[in-house]
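Following the hints, complete the assembly by docking chain B onto the known chain A.
Protein chains: 2
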Amino acid sequence: LKKIDYPEPVRELIRQLRRMPAIGPRSAERIALWMIQSRDSRTVEISDAIVKASSIRTCSLCGFFCDDTSLCAICSSPDRERQLLCVVEQPTDILPLERTGAFRGLYHALGGKLSPLDHVSPEDLRIETLQARIKQEPPQELILALSADVEGEATAHYLVDLLTGTGTRMTRIAQGLSVGLGLENADELTITRAFSGRTPLH
Amino acid sequence: LKKIDYPEPVRELIRQLRRMPAIGPRSAERIALWMIQSRDSRTVEISDAIVKASSIRTCSLCGFFCDDTSLCAICSSPDRERQLLCVVEQPTDILPLERTGAFRGLYHALGGKLSPLDHVSPEDLRIETLQARIKQEPPQELILALSADVEGEATAHYLVDLLTGTGTRMTRIAQGLSVGLGLENADELTITRAFSGRTPLH
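Chains as they are written, first to last, in the working numbering: chain A, 1 to 202; chain B, 1 to 202.
Bear in mind the hints are in silico, worked out from the structure with no lab data behind them. This one's a predicted model, so the numbers in the text were calculated from it and none came from an experiment. Heads up, a few of these hints could be off.
Since the list gives no way to pick one copy over another, a pair counts as held whenever it fits inside one copy or between any two copies.
Claimed, not checked - Straight line, CA to CA, 20 Å or less: simulated EDC-like cross-link-like pairs of lysine to aspartate or glutamate:
no.	residue 1	residue 2
1	Lys2	Asp67
2	Lys3	Glu188
3	Lys3	Glu98
If we strip away everything but chain A, and leave its shape as in the complex, we get (with noise of 0.2 Å):
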């Protein structure tokens, strides 16, 4: 007896569902059913949200999200401490820190951590445009707020050996982080704990 699958159409739907983040084959089938079984314009809706979403620009100073601007909410506002800069490492770190409040100057996203077994080298990584900025605008003092592991404390090592010597104070978020854990899994006390506590690198 042959056997019955769903049309192809919508195998591949499950299929894509899948590759998202969190979602096991259960959960592809039961929204990819939800998804064809709609009466309304739901789908049309989450479809157009997808691409619309997906040409989003980043900001050219920080590296942040920003909707049809060069410059993104936090580089263009007067309000911010612009003395202050933060280098993290993934633009959706950011927020994060936003939320906790403990953080009010501006920030600079790498785009990723130093990490040789993944083929990371600094040409990689927004570095260049840090050297730039901080040539331009001289902080007086550069937070490095990085994952506290391995990959995370070799960037901030590399940072400090090629800026130590701009005339910037150079500091480190504490570790109060879980060693191991990224920023993204740490919760708002343990960030603005980790901020207030920030030692001095050189």
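Showing chain B alone in chain A's frame:
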């Protein structure tokens, strides 16, 4: 200080993803950021798959999903036992039954079950189509595989009242299902046992 959030297209994407079943706020944000940070074609592929699958057709006979033909893979198969007709609530109930291998007949998806509270009355279901189908090609046995809840029972009673006198033997699958749960939550063995223990209705 102005509260910083994601740009509107990203917030809209998170809102849209949250509508999907089994997706909480954390998962929606995680998926959205994964999508907008992608450097490959994944978002195009996902939104394409949603659009393609949402225009899927349903079989004019049984209501199961089908590609671009009028009849689905089951109804058009020469290998099925056409004298057995199994009535289910949703087209999504058909695959769990198929996977057990316990049934080799044809199906009829009603598109729901009678539920006055949800304003679902007989004319909202594919009951006229069922009557026409039975008249045109009377099956030896009509097997009701409906949910073991109040609405499923009510739907079964309604169909028995309606179809008694058509000369078709009517049975329903045994209450091996956990009472109160629909077909989609039952495991294969339970569904198999429920099939083999089906009892006559009149």
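Status of the hints after comparison with the structure:
In this assembly of identical chains, Lys2 and Asp67 lie within 20 Å of each other by CA distance solely across copies; the values are 16 Å between and 51 Å within a copy. For the homomeric pair Lys3 and Glu188, the shortest alpha-carbon distance between copies (16 Å) is at most 20 Å, but the shortest distance inside one copy (51 Å) is not. For the identical chains of this complex, Lys3 and Glu98 are inter-copy neighbours only, at 8 Å across copies versus 53 Å inside a copy, given an alpha-carbon limit of 20 Å.
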